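Start from the sequences, fold in the hints, and give me the full structure.
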Amino acid sequence: MKWRADKITTFMTSLHKAVKAAKPKAIISVSPNYYDFAYKLQLQDWLEWVRRGIADEVIVQLYRPDLPSFASELNRPELQESKQKIPTAVGIMSGQRTSTVPIQRIKDQVRATHQRGLGVAFFYFESLWEHTDEPVEVRKASLKALFPIPARRWRR
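Residue 55 in my numbering sits at position 55 of the sequence shown, and the numbers go up by one each step.
Some hints could be false.
So the derived label-pair ranges between C-beta atoms look like this [said to hold, decoys possible]:
hint: 1; residue 1: T100; residue 2: K2; range: 39 to 49 Å
hint: 2; residue 1: N75; residue 2: K23; range: 32 to 42 Å
hint: 3; residue 1: A18; residue 2: R116; range: 26 to 36 Å
hint: 4; residue 1: I149; residue 2: F125; range: 19 to 29 Å
hint: 5; residue 1: L146; residue 2: T100; range: 41 to 51 Å
hint: 6; residue 1: F11; residue 2: F123; range: 40 to 50 Å
hint: 7; residue 1: K23; residue 2: T100; range: 34 to 44 Å
hint: 8; residue 1: R152; residue 2: R76; range: 24 to 34 Å
hint: 9; residue 1: R4; residue 2: D133; range: 36 to 46 Å
hint: 10; residue 1: L41; residue 2: K144; range: 28 to 38 Å
For lysine-lysine, the following DSBU-like pairs were computed, each having C-alpha atoms within a straight-line distance of at most 30 Å [claimed, not checked]:
hint: 11; residue 1: K17; residue 2: K2
hint: 12; residue 1: K83; residue 2: K7
hint: 13; residue 1: K107; residue 2: K23
hint: 14; residue 1: K85; residue 2: K144
hint: 15; residue 1: K144; residue 2: K107
hint: 16; residue 1: K40; residue 2: K2
hint: 17; residue 1: K17; residue 2: K107
hint: 18; residue 1: K107; residue 2: K20
hint: 19; residue 1: K85; residue 2: K23
hint: 20; residue 1: K40; residue 2: K85
hint: 21; residue 1: K7; residue 2: K25
hint: 22; residue 1: K83; residue 2: K144
hint: 23; residue 1: K83; residue 2: K40
hint: 24; residue 1: K40; residue 2: K7
hint: 25; residue 1: K2; residue 2: K107
hint: 26; residue 1: K17; residue 2: K7
hint: 27; residue 1: K85; residue 2: K107
hint: 28; residue 1: K107; residue 2: K140
hint: 29; residue 1: K25; residue 2: K85
hint: 30; residue 1: K107; residue 2: K83
hint: 31; residue 1: K20; residue 2: K7
hint: 32; residue 1: K20; residue 2: K40
hint: 33; residue 1: K17; residue 2: K83
hint: 34; residue 1: K40; residue 2: K140
hint: 35; residue 1: K20; residue 2: K2
hint: 36; residue 1: K85; residue 2: K7
hint: 37; residue 1: K83; residue 2: K140
hint: 38; residue 1: K23; residue 2: K7
hint: 39; residue 1: K17; residue 2: K40
hint: 40; residue 1: K85; residue 2: K2
Derived from the structure by calculation, the hints contain no laboratory data. Computed from a predicted model, the values in this text were never measured in an experiment. For each residue, glycine too, the CB sits at the ideal point set by N, CA and C.
Shown next as structure tokens:
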């Protein structure tokens, strides 16, 4: 498993060099699953990519159906290490066509993420407004309350 994961890391290193040679200010962003899953099932050693400086930002997919399981993933040491080195965010499931997510769960997960100094991204964007049982106005007002000022891009 390590040998195969190292092959992907070698590829990521080459990709990083090629992209930076062509566009030095380009941002290499990766969005893997939480570390154990990403490494064991997808051979993505994204924490090593962070350590080597070949990922400029990371958005970890933490799609959980409840706050306790979500919050426990936020406390994982690899997230804490990553946020000390590069912009680190968490992907929050905002719903799917066949599976809606209540705005209260989204709000709870965003707050938990912010309390730990992490950013957020939503998956799927459309489900923030569509495929929901709640009025669009309620969801928009809730998100505006969570994000009252525009995000500032983190710079090295």
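Earlier hints that do not hold, by number: Hints 5, 6, 13, 17, 18, 25 and 34 contradicted; others consistent.
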